[in-house]
Amino acid sequence: MLGFLIQRLMQAVVVMIAIAALVFVGVFAVGNPIDVLISPDVTQQIRLDTIARYGLDKPLWEQFVGFLSRLVHGDFGRSFVFNMPVLELILSRLPATLELTLAAVLGATLLGVPLGMYAGYRPDSPVSRLLMGLSVLGFSVPTFWIGLVLILTFAVWLGVLPAGGRGDTVTVFGVEWSFLTLNGLQHLLLPAVNLSLFKLAMMMRLARAGTREIIMTDTVKFARASGQSEWTILRRHVLRLISIPIVTVFGLEFGSTLAFAVVTETIFSWPGVGKLIIESIQSLDRPVMVAYLMLVAFLFIIINFLIDIAYAALDPRLRARQ
Amino acid sequence: MSAPILSVRDLVTHFFTRAGVLKAVDGVSFDLQTGEILGVVGESGSGKSVTGYSLLGLVDPPGRIVSGSIKLAGQELVGLPQSELRELRGRRLAMVFQDPMTTLNPVLSIGTQIKLAIDAHERVSGKAARARAMDVLTRVGIPDAGSRLDAYPHQFSGGMRQRVAIAVALLNRPDVIVADEPTTALDVSIQAQILAEVKMIVRDLGTALIWISHDLAVVSAIASRVLVMYAGRVVEHGPTAAVLRAPRHPYTQGLLNSLPARAAPGEELAQIPGQPPSLAALPVGCAFSPRCPRADAVCKEAPSMTAVGLRGWRCHHPLEGHA
Amino acid sequence: MMSRDSPAARFWAEFQDNRIAVAALAVIIAVAVMAIFAPLITPQDPYDIGRLVLGDARRPPGHLGSGGYVHWLGTDAQGRDLLSAILYGLRISVMVGVAAGAIAFVVGAVMGATAAFVGGRVEALIMRFVDLQLSFPPILLALVLSAILGQGRIQLIIALVTAQYAYFARTAHGAAATERAKDYVEAALSTPLPTRTVLFRHILPNCLPPLIVVATVQVANSIALEATLSFLGLGLPVTEPSLGMLIANGFQYMFSGRYWISIYPGVALIILIVAINLVGDQIRDQLNPRLKR
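Residue numbers (our numbering), protein chains in the order written: chain A, 5 to 326; chain B, 2 to 324; chain C, 359 to 651.
I should point out that these hints are in silico values taken from the structure, not numbers from a laboratory.
Built from N, CA and C at the ideal position, the CB exists for glycine as well.
Treat the hints with care, as some may be off.
[Claimed, not checked] Below, a list of computed lysine to any residue pairs in the SDA-like style, where the Cα atoms sit at most 25 Å apart:
{"#": "1", "chain 1": "B", "residue 1": "Lys72", "chain 2": "B", "residue 2": "Arg92"}
{"#": "2", "chain 1": "C", "residue 1": "Lys540", "chain 2": "C", "residue 2": "Arg486"}
{"#": "3", "chain 1": "C", "residue 1": "Lys540", "chain 2": "B", "residue 2": "Gly159"}
{"#": "4", "chain 1": "A", "residue 1": "Lys225", "chain 2": "B", "residue 2": "Gln83"}
{"#": "5", "chain 1": "B", "residue 1": "Lys128", "chain 2": "A", "residue 2": "Gly111"}
[Said to hold, decoys possible] Chain B side only, calculated, beta carbon under 8 Å to chain A, not exhaustive:
{"#": "6", "residue": "Leu59"}
{"#": "7", "residue": "Asp61"}
{"#": "8", "residue": "Arg87"}
{"#": "9", "residue": "Arg90"}
{"#": "10", "residue": "Arg92"}
{"#": "11", "residue": "Met96"}
{"#": "12", "residue": "Asp100"}
{"#": "13", "residue": "Thr103"}
{"#": "14", "residue": "Val108"}
{"#": "15", "residue": "Leu117"}
{"#": "16", "residue": "Ala118"}
{"#": "17", "residue": "His122"}
{"#": "18", "residue": "Tyr153"}
{"#": "19", "residue": "Phe157"}
{"#": "20", "residue": "Val169"}
{"#": "21", "residue": "Ala209"}
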C-alpha cells in the first residue's frame, strides 16, 4: 500500500513539473514573456529592470530553472491590476471559493446519493420518475440561468435572501469563513444551491444507475437468500458497491465544481477566485491568468492523487494488483 | 413414509415482458423428503432455475408466481408477505448460486459477509459471530479458517469461494437448500470434490438438497431422485438410477444419448434435433413434440403425468422401459 | 410482436415506447428546422445593426413595433425583436454545438481507437495525455482558450473541441481496446485483410454505441458551454448575439421588471438542451447491455 502511495505521489510531482514546463513554453518561449510580467504602460527603466531580474535575455533552459525555482518559492509574479504578488492575491480569495464549493459539493452528495438510491431501488414509483425528470433539468439547464432564476425568485420577488456578496465572516486559524455566522449563511445559501444543482443531478443519476444495476446482481440475490433485510442490503451492499464510482466522480467533479464556481461567483458577486479570473481576463491581468492556470492544475493533480488513495481504500481488489 | 419437508403443487411462474408472457414454469409438482437429495435436470430455458428462485420467493420482476402451492413442512409459502419470507430465508430455506465470484460481494471481507448473514436472523456479538463463522468454514473444508475471515473473495480460488457460499447456506442448518448449478463454473476435479463433500455434509445435518444442473453426470453422482424438466414442465421423474438406466421420456433418452461418454471414440456426438421452444410461444400440446422422433397427431394434446410406483412420465408414447 | 428484425428497426421500436423521448426528438427536429430557416421566417435580421431602431428598445411582449409587426416576445436593449434574436441565437447554438461535437467526435474517436490499436508506448503516451486533459474541467479549458484565442466562431469551436475531444478519446479507447482483445479481431487479423480494413469495418462499428451516447451528451454540453462563455463575455462578438449573450445583456433589466429580455432566451436554451439530453438518455438506456433483462 505504501509503495502504491509513493508511486502515485511521484507521478503527481512529475505531472506538475510537466505542466509547469508547458506553461513555461507557452509563456516564455512562444509568447512574449514581457507581456506576462509587466503591464504595457510602464517606463523603460522598469522594463529593463524586469528583463534583468527575470533573466529574459538568458538562454531558455536557464530561464526555466529560474522559473521553477520561483514557483517553488511561491513567486508567481505581480498582478497588474492589484499591484500585489499574485500568490497572495489568489490565496486571499481562495477561502471564499473553497467555502462555496465545499458547501455545494457536500450538499449535492448528502442529498443526491440517498435520493438516487431510492430512485434506483423503486424505479417505477412516481416519486422516482419525478426525481429523474427534475434531474434532467438540473443537468441540462446552464448554471448561470438557474442563478438568474434564483435571484429573481428569492431576492427580487420574494425578497428573503440577498442577491449577492458574501456575508459576515469569522476568522478561524487566520482564515475568514462566513458559514459560521447567520448573515454569512444567508449569503451562502443561494450561490451554494446554484452551484450544487448540477452536481446533485449527476449524483442522483449515478446513484440511481448504480443501484439499478446492482439490485439485479447475484450478490443481492444471495444476500436476500440468506434472509438479509432490504435495508441491510441497501446500506451494506449497494451503498458500498456504488461508493466506488461515486467517489471517483465526486473527486473529479469537485474540481469541475471549483471551476464552475466561476459562473456562480460572477452572478452572485461572490469574492472568490472565480470572480478574480473573470475580471483578470477582462482586464488582461496576465500574471493572474497564468498563475491561476497553474495553481488550478496543481490543485487538480492533488485531487486526483487523493481520489487514487480513496479508490484503493474502497476497492480491495485494487490493493492486490499493486 | 413421513410427510415431505417440501411439497410443491402446480407451480406456475410467468414473466410478463414487453415481448409477451414467458411461461418459465408451467405447472411443476414434486415432493422432497427430509434429508433427500433431489436432482433437477434440464437445458437452459427449461425453467429449472426459475423453479429454484420461486421456492425462495426470489423471482425478480417482471416475473412472479402466478399460481400453485409451495408448502414447507406444511406452511404455505406462496402469497406469504415478504417480511415473513425473509424470516424463513437463510434459516429454513437457503440457496447457493452458480458463479461464486458474482455471488459474494467483492468489496466486503468473507467474515463481514458471514456476519451479515448471521445478523439477519439473530443478534450475536462480534466474537460469537467469528466463532460461528470459523466453525462453518471449517465444516466445508476451508483450512485455517480464522485467518481467512479477513480475506476478500478475490483472494480465494473458485472452488473455495463456492465453499464459502455453501457455508453461508449452512449457517442456520436450514431444512432445504436449493443449489443452482453450483459446480458448473468450477474445474472438473474441484467439482468432484465438492460433490462428495456436500453429499456428506447434508447427510450429517439431515438437510434436504435440491441440486439443479444441466449436467446429467453430476446429477447422477449426487441425487437419489431426479426431475427432468423441459419448457417449464416436469417430463419425467423417479429414482436416479432407474431413470437413467431406462428412461421413459424421449427427451430424457435424448439427453442421455448426447452425453460424450455415450459416444464411441470417433463417432459423432448424438444431438437432439431442433431447438428448445421460445417460452413466449410454446407449441400446442406436448412441448417436446416438434423435436420428438416418436411424435404424432396425438401429441397435439398435452400429455398428463403418468405415475407408476416411484416413477412418472409425461408422454403419450413413452419408451419401453426395460431394465 | 415480431417486426422486421433489423437492429435499427428494433431500436426505433423500443425508442418509441418512451413517449417523452419521442416528444423530445420532435422538439429537436422542430428547433433544427426553425434554426435553419431562421432568415426566412423571422421578421427581422437581428444582426443588421443599421436596421435596429432604438425607440423600440425594451418593449414588452406583444408590442407593435416601428417596423409594422408585432414583437411577440418583446424587444431587447438594442431594439432587437426578441423572437428573431432567439431564433438566430438557436441557429448559432445548434450550429456551434453540432460542429464542435462532430469535430470532437472525429478527433477523439480516431485518437482513442488508434491508440488502442497501436498499443505500446504510443498508446500509453496518448492516453496519459488524454487522462491529464480529462482531469481539467471543460469550462476552465474553454474559458482560458477563449481568452487566449479571442472572439469569433472558429475560435469558439476550437475552444469547445479542445475541451471535449478527450471524452470521445477515452470512450473510443476503452471500446476499441475491448474489441481488440476479442477473438474475432485476432481471427480477422490473421487473414490477408489489411489492418486498415479490420479497423474500419470491424472494430469501429462496434465502438459506435458508446460513442453515440457520449456524442449526444457532448452536443448538449457544447451548447451549454457556448452559452456560458457568451454569458461571461467571451466566445462570440457582440454583433452576433447568441442566446448566452442575450441573457447576459438582459440580466440588469431583471431587477426593473423587464424580465423577458433574459427569461425568454433562457427558456429557449433550456428547451433545446433538455430535449437533447432526454433523447440522449433514452439512447443510452437502450444501448446499455447491463440493463437488459
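Legend entry - Broken hints, by number: 5, 19 and 21
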